[in-house]
Amino acid sequence: MTYPSWSIEEATRVLSALKNVQGPVLIALQAVQERFGYVHEDAVALIAETFNVSRADVHGVLTYYHDLRTSPAPARCIQICVAEACQAVGSRELVAAVEKKLGKKIDETHTDVEIKSAYCFGNCALSPAAMVNGELVGRATVEKVTA
Amino acid sequence: MSTIIYVPNDSAAISIGADQVAALIAQEAVKRSLDIEIIRNGTRGALWLETLVEVVTPQGRIAYGPVQPEDVSSLFDADFVHGGAHRLALGLTDQIAWFAGQDRVTYKRVGLIDPLSLKDYESHGGLVGLRKAITQSGSDIVAEVTASGLRGRGGAGFPAGIKWKTVLDAPADQKYVCCNADEGDSGTFADRILIEADPFTLIEGMAIAAVAVGATQGFVYLRSEYPTAIRRLRDAISIAQSAGLLGSSVLGSKHAFNLEVRVGAGSYVCGEETAMLESLEGKRGVIRSKPPLPAIAGLFGKPTIINNVLTLASVPAVIADGAAAYAARGTGRSLGTQVFQLAGNIARGGIIETAFGITLETLVNTFGGGTLSGKPLRAIQIGGPLGAYFNSSQLGVSMDYESLAAAGGMLGHGGVVLFDDSVDLAQQAKFAMEFCALESCGKCTPCRLGSTRGAETIEKIISGVDVPANKLLLLDLCEVMTDGSLCAMGGLTPLPVKSAMNNFPEDFTGGAKK
Ligand SMILES: Cc1cc2nc3c(=O)[nH]c(=O)nc-3n(C[C@H](O)[C@H](O)[C@H](O)COP(=O)(O)O)c2cc1C
Ligand code: SF4
Ligand code: FES
Numbered sequence: 001m002t003y004p005s006w007s008i009e010e011a012t013r014v015l016s017a018l019k020n021v022q023g024p025v026l027i028a029l030q031a032v033q034e035r036f037g038y039v040h041e042d043a044v045a046l047i048a049e050t051f052n053v054s055r056a057d058v059h060g061v062l063t064y065y066h067d068l069r070t071s072p073a074p075a076r077c078i079q080i081c082v083a084e085a086c087q088a089v090g091s092r093e094l095v096a097a098v099e100k101k102l103g104k105k106i107d108e109t110h111t112d113v114e115i116k117s118a119y120c121f122g123n124c125a126l127s128p129a130a131m132v133n134g135e136l137v138g139r140a141t142v143e144k145v146t147a
Numbered sequence: 001m002s003t004i005i006y007v008p009n010d011s012a013a014i015s016i017g018a019d020q021v022a023a024l025i026a027q028e029a030v031k032r033s034l035d036i037e038i039i040r041n042g043t044r045g046a047l048w049l050e051t052l053v054e055v056v057t058p059q060g061r062i063a064y065g066p067v068q069p070e071d072v073s074s075l076f077d078a079d080f081v082h083g084g085a086h087r088l089a090l091g092l093t094d095q096i097a098w099f100a101g102q103d104r105v106t107y108k109r110v111g112l113i114d115p116l117s118l119k120d121y122e123s124h125g126g127l128v129g130l131r132k133a134i135t136q137s138g139s140d141i142v143a144e145v146t147a148s149g150l151r152g153r154g155g156a157g158f159p160a161g162i163k164w165k166t167v168l169d170a171p172a173d174q175k176y177v178c179c180n181a182d183e184g185d186s187g188t189f190a191d192r193i194l195i196e197a198d199p200f201t202l203i204e205g206m207a208i209a210a211v212a213v214g215a216t217q218g219f220v221y222l223r224s225e226y227p228t229a230i231r232r233l234r235d236a237i238s239i240a241q242s243a244g245l246l247g248s249s250v251l252g253s254k255h256a257f258n259l260e261v262r263v264g265a266g267s268y269v270c271g272e273e274t275a276m277l278e279s280l281e282g283k284r285g286v287i288r289s290k291p292p293l294p295a296i297a298g299l300f301g302k303p304t305i306i307n308n309v310l311t312l313a314s315v316p317a318v319i320a321d322g323a324a325a326y327a328a329r330g331t332g333r334s335l336g337t338q339v340f341q342l343a344g345n346i347a348r349g350g351i352i353e354t355a356f357g358i359t360l361e362t363l364v365n366t367f368g369g370g371t372l373s374g375k376p377l378r379a380i381q382i383g384g385p386l387g388a389y390f391n392s393s394q395l396g397v398s399m400d401y402e403s404l405a406a407a408g409g410m411l412g413h414g415g416v417v418l419f420d421d422s423v424d425l426a427q428q429a430k431f432a433m434e435f436c437a438l439e440s441c442g443k444c445t446p447c448r449l450g451s452t453r454g455a456e457t458i459e460k461i462i463s464g465v466d467v468p469a470n471k472l473l474l475l476d477l478c479e480v481m482t483d484g485s486l487c488a489m490g491g492l493t494p495l496p497v498k499s500a501m502n503n504f505p506e507d508f509t510g511g512a513k514k
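Protein sequence lines correspond, in order, to chains B and F. Residues in the first sequence are numbered from 1 upward in steps of one, following the working numbering. Residues in the second sequence are numbered from 1 upward in steps of one, following the working numbering.
These aren't lab readings, by the way, just hints derived from the structure by calculation. Any given hint could turn out to be false.
[What the hints assert, rightly or not] The calculated lysine-lysine pairs, modelled on DSS-like cross-linking and capped at a C-alpha distance of 30 Å, are:
id: 1; chain 1: F; residue 1: K132; chain 2: F; residue 2: K119
id: 2; chain 1: B; residue 1: K19; chain 2: F; residue 2: K283
id: 3; chain 1: B; residue 1: K105; chain 2: B; residue 2: K144
id: 4; chain 1: F; residue 1: K375; chain 2: B; residue 2: K100
id: 5; chain 1: B; residue 1: K144; chain 2: F; residue 2: K375
id: 6; chain 1: B; residue 1: K144; chain 2: B; residue 2: K116
id: 7; chain 1: B; residue 1: K101; chain 2: F; residue 2: K119
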């Protein structure tokens, strides 16, 4: 996935659409991440200013949620479900095999390809499940998720 | 007239090729000059048969599955467009034992219709409940829901009508209806499928709740892991707005109700209702202490109904067909139907809606067909990551709130996850503690730190270090977590851990499993 590089003007434009939202901080962070692939450090002050909340509050929300990231999104993101229904059909082995094939560890930060653990995609009857760049993969195999 | 062919657009079906199957059917029909119309329905819930292709014939819908992209041309060769014989032919869909043995109430329309066709929705009984509700008083609607015995399907099983009554009776200038669609439990997907396959049912259920208590704004808190459901529900909401089902006058009545989807951000604990409220307010998803109850002071401090997707989606049927029809199903204080989800190492996984009181045995073997691997079934986790692990001698348990509690477990959101004999329950117990450590909101020490200690202790047991002493320590820790946690995250993590120890003692003797 490719995203435009961070720009305060563009971020301001993104946030201006959220002026009337009640309880806007999380939505603002999500909107910034959707636009740029991550939350740039300058976004914290911008959101705080735009919505008249403290920087500490914005920072607190940013660090709380697993989805929000502060480093640029990788070109390819392979999320593998490591929850119970997927464990039951070999997600632990799948993770090990994908790590081996790509020479990367799960949950490390990279710019080319990242392997990330996820906890259930609601595809537990066709497990193991993975999501590759936003596309759900059922009965996941090393071949399918690294294709 | 063109022949109608159904190909599901459910995200699980798509994850194993439904879109390719649909595209190939369309291409092949053009090539062979056949007049067909493809309708993308939701899944009928038999995920083991996906991609399940259905052809409408004068006899009814005839099923073929599981269809792989490479099967499509042979299906045409066999004249499946007219119900022709084929290796994948399953006969009339309704007569497939797996479907015929179910009692679909909440899931009545799921998989039968085009999810975004309001016309289909109405022709299959949609909007009957809401039309009735707008002519009734709030207290009549609430009384009906109470009389139906409907209990919360999100995990705690609290009677829906009692919660609604509290909100109805709370005076306020603004009230809210919030739908909990966080569905964080592993092994569960019934909320997702309902939203993808029949979103108007959820919208109708929320509108009835709003009309009943006088709420004018609703939110659906939907997890980010479900992108297809998010898109579909947003589409359905805008269709419902254009059709006057939502907006300043619900179906022309004096009631206003607007609805918005808010997307989660990857936090399991945000499925707990007060953490969900914090998250909806844009804050860290930390648990609030109760009281006040959300029904009195919930979202932005206002009286708020919070219900799970399945709870709200059951309401249209309760109102349309009456409380008595709903309460006639089930057993004891577990009335109505439950949408069970069969998952994990299972041959025939998917959605089974039946009255409460079916045995685990029937679910797992008759419907589920045992393990996918064909190896012996060893463990079943019921009710998500905070649910108990049962062993294969416990299959006689009746699937209802009380019986499961008596057997040392809980129903939770109705997920049933199978494991074959390669599972190591000490590893599963350790995972339960690790998951708690990862997802803890951090407010209580036993949950935040106890879970990490717990995982370390189980690791010691696995490695054979001071096994008897560490088992005692682990049980102690479990007790502290149960007693000293504000919510069920820390409070119920001991359930999978202790049930694993009790029901699989042989896995906690130290020394890695063979
Ligand atoms: C850690 C935790 C996670 C929860 N996750 C969910 C969830 O994903 N979906 C849900 O409906 N309820 C969840 N619940 C239960 C909710 O707190 C609440 O009981 C429920 O939304 C109320 O709706 P109901 O009465 O219709 O079940 C969770 C509870 C806890 C403690
Ligand atoms: S038990 Fe855990 S998740 Fe629940 S309030 Fe306490 S710290 Fe937070
Ligand atoms: S547990 Fe892996 S998709 Fe649900």
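To see whether the hints hold, each was checked on the structure:
no. : hint               : in the structure
1   : F/K132 with F/K119 : holds, 18 Å
2   : B/K19 with F/K283  : holds, 17 Å
3   : B/K105 with B/K144 : holds, 18 Å
4   : F/K375 with B/K100 : holds, 27 Å
5   : B/K144 with F/K375 : holds, 25 Å
6   : B/K144 with B/K116 : holds, 16 Å
7   : B/K101 with F/K119 : violated, 50 Å
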